[in-house]
Amino acid sequence: MPHQISIAWKIFICWGLGLLMVLSLATPSQAHWADLAVADIQIRERDVDLNLTVPTGLIAQFDDDKNQQLSEAEITTHQKDLQTFLNEKIRLTVAGERSETLIVKSNSTVKIPSNLTATPDTHSSLLLQYRWSQPIEQLQMHYDLFIAGVSTARCLAQVFRAGQVDNLVFTPDSQNAALIDAPILQQISSFIRLGIEHIWTGYDHILFLVSLLMLGGELGYLLKVVTAFSLSHSVTLFLAALNIVSVPSRWVEIAIALSIAYIASENLWKKEARARWQLAFGFGLIHGLGFSSALQELDLPRTNLVTSLASFSVGIEIGQFAIVLAVYFALSYLRKFPWDLTVRRMISVGVIIMSAIWFWERAFMG
Numbered sequence: 000m001p002h003q004i005s006i007a008w009k010i011f012i013c014w015g016l017g018l019l020m021v022l023s024l025a026t027p028s029q030a031h032w033a034d035l036a037v038a039d040i041q042i043r044e045r046d047v048d049l050n051l052t053v054p055t056g057l058i059a060q061f062d063d064d065k066n067q068q069l070s071e072a073e074i075t076t077h078q079k080d081l082q083t084f085l086n087e088k089i090r091l092t093v094a095g096e097r098s099e100t101l102i103v104k105s106n107s108t109v110k111i112p113s114n115l116t117a118t119p120d121t122h123s124s125l126l127l128q129y130r131w132s133q134p135i136e137q138l139q140m141h142y143d144l145f146i147a148g149v150s151t152a153r154c155l156a157q158v159f160r161a162g163q164v165d166n167l168v169f170t171p172d173s174q175n176a177a178l179i180d181a182p183i184l185q186q187i188s189s190f191i192r193l194g195i196e197h198i199w200t201g202y203d204h205i206l207f208l209v210s211l212l213m214l215g216g217e218l219g220y221l222l223k224v225v226t227a228f229s230l231s232h233s234v235t236l237f238l239a240a241l242n243i244v245s246v247p248s249r250w251v252e253i254a255i256a257l258s259i260a261y262i263a264s265e266n267l268w269k270k271e272a273r274a275r276w277q278l279a280f281g282f283g284l285i286h287g288l289g290f291s292s293a294l295q296e297l298d299l300p301r302t303n304l305v306t307s308l309a310s311f312s313v314g315i316e317i318g319q320f321a322i323v324l325a326v327y328f329a330l331s332y333l334r335k336f337p338w339d340l341t342v343r344r345m346i347s348v349g350v351i352i353m354s355a356i357w358f359w360e361r362a363f364m365g
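Once you know that position 20 of the sequence shown is 19 in numbering that gives the first Met the number 0, the rest is easy, because the numbers rise by one and skip nothing.
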């Protein structure tokens, strides 16, 4: 009888601490694009059109009716102040000659990623027009219109010129880029950073990785498990991004939540990580479809899609490797203490609760 009470008490502690962890750390798993700006840049012989969609909070001082969206009337009223403000944040330079913004207009024709169309009242679209006296042969852009203090804020830019399309990502740490004949390394590094950021802010993917590693094992075996996960999600990432495989994103997100719950549940009764790499490979196919949604929303042109895909995938793997090392060393240190098992079970319980919340949100509240 005392033994049964002791077991029940441990179970109660695990679930209680797990719930406490969820309540203290709970955060939406689909917030990857909440601070996103989008720029479509059309370059012609002597002029440039920059179609910009930004969170209205960045230009809130011009939003007179405070409805979270700049109207055409508000843009007309504040034309000069808007020009001055945007010229401080966005600079286009041709051969050392900078062009000021000549015109700022409302633009309702900009194609906005699907996550933004879900909340259209939080973003505003503007058309910025620039002109030079000489032909545009080299064009540099400086972009510094970000939400203050948000390291994940970014501007996704597509540059159109003479039938060629390039993709760039501006971030608070990477504000300058060449828009014409851009070095291939510039595009590769942009999408590697995007991949790293996606895995580090993809809390569901992180919890899946943590759960995979929770039973422990030698570093070599854990790397085998993660490699199986990487190979499989890379396959479906490419297939989905190339539109060869198409699965409704809602069902993918539901399946991801269930995969996390299953792995975390195994951690409560399994004692060894034997055969876990097979599970990692199987569930990786589902997570790859989730990774692909990040790129599908960018509507990348096929001219450089493979380069963008490969770079994005490399970024994901770099981010995963860092997570695996951190978890491995943390678990190795934890084994030195008698309460090691209780803590690991507490974490697994917290993951189960969190994945159950995600499942509910994605299945019944989407």
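It should be emphasised that the hints constitute simulated quantities derived from the structure, not laboratory data. Keep in mind the model is a prediction, meaning the values are calculated, not measured. Honestly, I wouldn't trust all of these hints.
To be verified - With a straight-line cut-off of 20 Å between C-alpha atoms, the simulated SDA-like cross-links for lysine to any residue are:
hint	residue 1	residue 2
1	88	58
2	88	99
3	88	101
4	88	139
Okay, the hints, checked on the actual structure:
Proposed proximity of residue 88 and residue 58 is supported: the alpha carbons are some 11 Å apart, at most 20 Å. For a cut-off of 20 Å, the pair hint linking residue 88 to residue 99 stands: about 11 Å separates their Cα positions. Between the alpha carbons of residue 88 and residue 101 the distance comes to roughly 15 Å, so the proposed pair stays at or under 20 Å and holds. About 14 Å separates the Cα atoms of residue 88 and residue 139, which keeps this hinted pair within 20 Å; it holds.
Against the hints set out earlier in the document, no violation occurs for any number.
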